[in-house]
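Chains A, B and C, in that order, give the protein sequences. Mapping the first sequence onto my numbering, position 121 (from 1) lands on 121, and the numbers just tick up by one. Position in the second sequence (first residue = 1) + 1000 = my numbering. Position in the third sequence (first residue = 1) + 2000 = my numbering.
Calculated pairs, EDC-like style, for lysine to aspartate or glutamate (alpha carbon to alpha carbon, straight line, at most 16 angstroms):
hint, chain 1, residue 1, chain 2, residue 2
1, C, Lys-2114, C, Asp-2156
2, B, Lys-1230, A, Asp-319
3, A, Lys-3, C, Glu-2200
4, B, Lys-1003, A, Glu-294
5, C, Lys-2003, B, Glu-1294
6, C, Lys-2114, C, Asp-2165
7, A, Lys-114, A, Glu-11
8, C, Lys-2114, C, Glu-2011
9, A, Lys-114, A, Asp-165
10, C, Lys-2114, C, Asp-2012
11, B, Lys-1003, A, Asp-206
12, C, Lys-2003, B, Glu-1193
13, A, Lys-114, A, Asp-156
14, A, Lys-3, C, Glu-2193
15, B, Lys-1114, B, Asp-1012
16, B, Lys-1114, B, Glu-1160
17, A, Lys-3, C, Asp-2198
18, A, Lys-3, C, Glu-2294
19, C, Lys-2003, B, Asp-1197
20, B, Lys-1003, A, Glu-193
21, A, Lys-114, A, Glu-160
Hints are computed from structural coordinates only; laboratory data are not their basis. The structure displayed is predicted, hence computed values, not measured ones.
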Amino acid sequence: MSKTTAGNYFEDFRLGQELVHATPRTITEGDVALYAGLYGSRFALTSGETFARGLGLERMPVDELLAFHVVFGKSVPDISLNAVANLGYAGGRFHRPVHVGDTLTATSTVIGLKPNSNGASGNVYVRTEGRNQDSEVVLDYVRWVMVRRRETVPADRLGETTIPDLPGAVPASELIAPWRVVGGYDTALAGSEFLWDDYEVGERIDHVDGVTIEESDHMLATRLYQNTAKVHFDQHAQASSKIGRRLIYGGHVISLARALTFNGLGNALSVAAINGGSHANPTFAGHTIYAWSEVLERIELPGRHNVGALRIRTVATKDHPCADVPLRGEDGRYLPHVVLDLDYTVLMPRR
Amino acid sequence: MSKTTAGNYFEDFRLGQELVHATPRTITEGDVALYAGLYGSRFALTSGETFARGLGLERMPVDELLAFHVVFGKSVPDISLNAVANLGYAGGRFHRPVHVGDTLTATSTVIGLKPNSNGASGNVYVRTEGRNQDSEVVLDYVRWVMVRRRETVPADRLGETTIPDLPGAVPASELIAPWRVVGGYDTALAGSEFLWDDYEVGERIDHVDGVTIEESDHMLATRLYQNTAKVHFDQHAQASSKIGRRLIYGGHVISLARALTFNGLGNALSVAAINGGSHANPTFAGHTIYAWSEVLERIELPGRHNVGALRIRTVATKDHPCADVPLRGEDGRYLPHVVLDLDYTVLMPRR
Amino acid sequence: MSKTTAGNYFEDFRLGQELVHATPRTITEGDVALYAGLYGSRFALTSGETFARGLGLERMPVDELLAFHVVFGKSVPDISLNAVANLGYAGGRFHRPVHVGDTLTATSTVIGLKPNSNGASGNVYVRTEGRNQDSEVVLDYVRWVMVRRRETVPADRLGETTIPDLPGAVPASELIAPWRVVGGYDTALAGSEFLWDDYEVGERIDHVDGVTIEESDHMLATRLYQNTAKVHFDQHAQASSKIGRRLIYGGHVISLARALTFNGLGNALSVAAINGGSHANPTFAGHTIYAWSEVLERIELPGRHNVGALRIRTVATKDHPCADVPLRGEDGRYLPHVVLDLDYTVLMPRR
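Use the sequences and the hints to build the structure in full.
Here it is in structure tokens:
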């Protein structure tokens, strides 16, 4: 039975190792529609072909997060099949738009390794890159996961620790704004009258709406991304785990939260960067997701007078509306109903 | 937190007001497939490209009700986010087919206002229009909803009442039949041997089959239509409501009922008009939907000898098969298991 | 109410009878995406356009099993609406690839009839053929089902028995391999390093992973295939049946099992034949599906040096991981947790 992949364990990773991930995946109109049905996103740039053309694009781009999930999904069988926890993201950049018809592939490079002192696991840091059929990088990001060892080792055989310099927030000079505002910008069609200039650093927005997740929803999404992590799909096995439930793919919560932010950030047409993020607590079917956001930074883009960037923190919660902007308790730890703390950068038209 | 849309309240509407709705939405093959998966429709005109071409069309059109739901969905954030009830439809006309690749936008005009005497709400009547990327009207309809006031007003400050002349059934002269029967019509491929000539006014058809709705189904559909009404999505909030459950979008029931009518009305290839309709009782996940129909009118189309129209009443029920054609009780009110009473007009080949 | 189809009963079938099935169905990118979301298949040939072109194809083909389900679905209203049980498959051949844009139609020929001695039902054997818009056969297969009689007949009026010669495994000379390996074959992108030469007859593979089925999943799939069998959809009626539950379409389990086999048979890029199969026990929502496979035969294809075929038995189970390769009990009957025993032939690159 050796032809079955059991995934890599901590001892299988080496610093500098490059992993070519299976399977090439062509993005279609079908993926775009399923993404719409799964999250109900209303950002105009990825909803209406005519709107995208009005912003100087030849074709409507695919939602950045759909591309992100597809690339992420490819990395799962090689990187995180034996993960204990998905610890964080950093330095996620969207280099160029993905369009319907593009075929995405992914590779990862191991940039850090940190054995845990218990000898049973360790943290693996990778930079994952998604490319299109012309070998152009469409997105890349760093993530780190805690991965089990195949066999526990004694304290004197843990191996070297190399923690990479994690990138901070993606700087203005590296943000790509693939569209521009030509002539007027139709805020009525876009669904919000508030533009870049109207947001202030420190401003907080309760996105009000909530969406309940069902088992079918997150599994349909996660299979669409060809993400094979067992914990999302196998209730028979999960029943005898500590959790007892299927765990919802963190990216599903990210996309739900992003869709919820439309109410308050309706002109945040593109995601340009994922600066960092944590899945603070697990999400299960039956939970209702709410979100609030804080404007962390208002970024002028070099040479761009009608498009600006906002660095945003979006916090998602479960079964807890966000009027009280929940985040951490007095002990400094995430509150139990906080499920996501995402630091990312969006692009928005300026006045 | 003022950047969040809370939707319009009764006092925000003015007679003659025009509302431009967000977000432009391009209809794709993906939407068509999801619609197929959600309802299992088998009408040949919207299922097989070759069949559509055989009826003189260059391309297969998109199901009229998919286009209707997308246009309706756009109107929700502006018209019915604070609705207490969706009271009725009238004068729905399908002016021209929608095709894959079309981008739909929507606008509404307030044509009537009726304050309720309790001072807490009122009925808003709108005519909503969906247009394609060439600004051609593809469909329009009137609907009226009861909308909450932001603040209750005393009896002497209710404001004016204007009830519009509601259109009756769309007359033959306004029905558009975009396809024609050229040469023979293949009833075997279409799935029914019964043509327009075979139906009699007053005839009733029990459509026999039943379909159970799950939470995932209606939420996937309703998000696909970018319909943002909270009651469909937020179980956490609904749990503390009188209903205690997520309410299923009425249009989801309309599409399920239309798909069920294939068994008995298989050659009703297109919907040409929605003359009127009521969501008689709420539908929840777990309910099994059944339907029966009555032929209300057999309409000859001016100058069209091989296509006719049938005005149909389709009644849908929950957890109650329709052999007994249920509708109203002795008190004249809808029976508790009746969820839809729809008066619409379909097009069908003639002998 | 006579315009409603109640489906054919045993006494409606005649030997040699040809049935033209409704409804023509155009396969789109949307169907492909939904299929991906429903099963999470990762076989590279049907996932990445560039990968398909690398194998000498002009366009990426559609998964053979999606085409199979669509053709099968068409036959349901005419063949198995009154089926008691779906007894078996044989001689399923995939003659040519189906592509996005193809419109499929289906016909069946009655090739055998076997009345049951109880006078209440009988077995109907049909050969069903799916064709594309150019009338080219894309696939055909034999299946047999036990169908109820409209009215029970006494023992002396059962009618003739004709059992057809059921085809054995599709021979090498009839297997179509529409792609070829040109230059190198990228096993990293494909997701498995094991090629045809690496598999041995008798080898068994536990595919390890499990996927739990929800009601929404199988209904979405089964409606997508326009399969109208009531037992899959109508919980209200099923509640009063012996089973008490909605029964999951057997083809849904076949597709889930095929997707699971990726882990161990990752280069089995195409299904070339379905030699036989049984749905050993019913599957319900909530069940977790696992699978194991046995290599039955390693087949050289005439004149093809870089593509070979493997005849595979894949067994799927419910709520029972397959490390113990479960199949039959000591009494020779399928074990209660075995739900599928499928004998089929796949195509795989050779070294």
